[in-house]
Amino acid sequence: MSLLGPKDKTSPWKGSYAPYDLVKELCIAVGVVTLLAVLLTVLLSSPDDKPSTIAQWSHELPADFATTAAMELDEKSGTAEYGPPYNHSSGSVQHFLFLHPQRWLGVSHPINTADDYVVKPLETIPNDPALRIALAEYKSAPATQKKEWAEAYATPLEEYAAAVEEKKTLPSTVSVDTSTGTVTVKTSGAGPVPTMMASLQSLAQSGGLEGGLVSSSQFFQTDYTKPLLFMADGGLLDERAEGQHLLGEQWGLMNETGSYPGQPWLWLYALWYQVEPMKNSPNADIQVLLIMGVLSLAFISIPFIPVINRIPRWIPIYKLIWREHYRRA
Amino acid sequence: MSAATAPPPPPPKTPSKSWTVKVREKGVEALPPERLLPDGQPTYVASWIYVFGVASIASLIVIIGSGTILALKGPAWWHETGVGHFFNSIHLWSVELFFFVMVVHLWGKYWMAAWRGGRGRVWVTGAITFLVAVPCALTGYVSQQNFDAQWISTQAKDAMNSVGAGAFFNLTNFGQMYSYHILLLPIAVVALVSIHVLLVRRNGVVPPFELEDKLAAVPAARPSPNGAPPSGAPPTGTVSHPSTGGQSVSHPSAGGQS
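Chains A and B, in that order, are what the protein sequence lines are.
Just so you know, we're using my numbering here: the first sequence kicks off at -10 and counts up by one.
Just so you know, we're using my numbering here: the second sequence kicks off at 65 and counts up by one.
If you are wondering where the hints come from, they were derived from the structure by calculation, not from laboratory data.
Be careful, since some hints might not be right.
Taking CB as the label site, the calculated pair distances span [to be verified]:
(1) PHE293/A <-> GLY138/B: 41 to 51 Å
(2) PHE293/A <-> GLY146/B: 42 to 52 Å
(3) GLY138/B <-> SER78/A: 34 to 44 Å
(4) VAL147/B <-> LEU11/A: 30 to 40 Å
(5) ILE297/A <-> GLY91/B: 27 to 37 Å
(6) TRP303/A <-> SER82/B: 47 to 57 Å
Below 16 Å or equal to it, Euclidean Cα-Cα: the simulated EDC-like pairs (lysine to aspartate or glutamate) are [to be verified]:
(7) LYS65/A <-> GLU155/A
(8) LYS3/A <-> GLU274/B
(9) LYS39/A <-> GLU144/B
Beta carbons: idealized from backbone N, C-alpha and C, even for Gly.
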């Protein structure tokens, strides 16, 4: 044994040798790959679609923004009901048999959707006495009261969103002015919530909500978990992705915006999501990852798997690869 | 002056206690320079499929080169300047080329059963390199700071979270993903590729099937225990081969070139 383990166990090659310039070959290869990359760059460039912003979302889809924000306050959104690593809910907690690895490391990125997405950003708005009073009333109310107010405001918006999706008659309880991006909800029993949500919509449209959601108290910020999850709870990202053929039932991860190739090497990973039982399973992610984990182990272990490691001998593609050698022999 | 006295005999060589000497001796024993950088290859190493191994390394070099330029200028540069976008495009296309040539290389090695003759670790390190390259690329896609990054990170987070990886591999945390992408995972890929290449140089290129069978069936053709070449075998050091009109080519000891 040495640093690199035992030497070659095959019989030594006693035949002829051809000159071989390893360094020259590598330099030529780097040159060719560089030329190819430059050629592809000149011909095709690369995609760079601007990111969506919360300001853009609240302007372009005001009803969707208002509905999402109301569900965050009501703690009924996808993020609110997600579970670890964001909170202690269980809506998106997946398991395989008795294994619940999603719970093993706990809540590492805590998000309280009502506080983080609504209350705290509103507290940053200065010089708004009506909002101050509304916030004070909301914060001092018991949890059951908060829930009642939030539900009274969110329910008409959810009905409105469902009617839009199903292309039914829109309920009269919600009116949307797309020119100004304002949403009015006719409801009783919502307490201070309508005042709060109107201020949140204004804050979002002014661009002030983006920075308020970046999850760090530091001056320098690099974690976009909160704003990204907030936007993912709404419909803007999905709408843009569908237009760019990026949805799972379209090209998914294989594609980038502008029909550029994405990560085609993930084709097998993406394929499992289209196959039953993963296709309709609430535990699809963990099932697919476990399948890919087993396949990855098998891929690494090919030299040691009976039958699989004999197939190259039975299907003589090697005769094509070494045809020069066999021709000479 | 008396006649010069004979120099004292050199002291008997004792195993060095120096860690440095031990590492050097082990390193040279494992990979003598002529095997690390050979100037001759067995004549059966003659197929276009061999190009894809070196093309994978070449693509990795272009990826690291273009990525280094992007890193030097910072993550926002390529969104703001044409030159930056140019280098980002080079980076993207070299990644696409890297995966393409690496997949062809892997398939080629599979059909050659290139793990034969104690080369299992060569296959294992190559396969792990491919698997580590996948998250290396993924972290690049989610570090783009554009709509693709928003979409991919919010979609792929559920898979990471489902197995508990989201706690330390948070796709929506740009700072963390950027660190993984430009430092941690590239170091892993480069280290794996280095080990892979050293193992290839150590074990030599796998021979064709029938040749291996034929040689295995003729024990006389094996080298003697002291390493001397068998009778009739070409002398170690130079070989005459027909492809160069009888030109002599120096080559490493035959044992490492099968």
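Against which earlier hints does the structure fall short, listed by number upward?
-> Hint 7 contradicted; others consistent.
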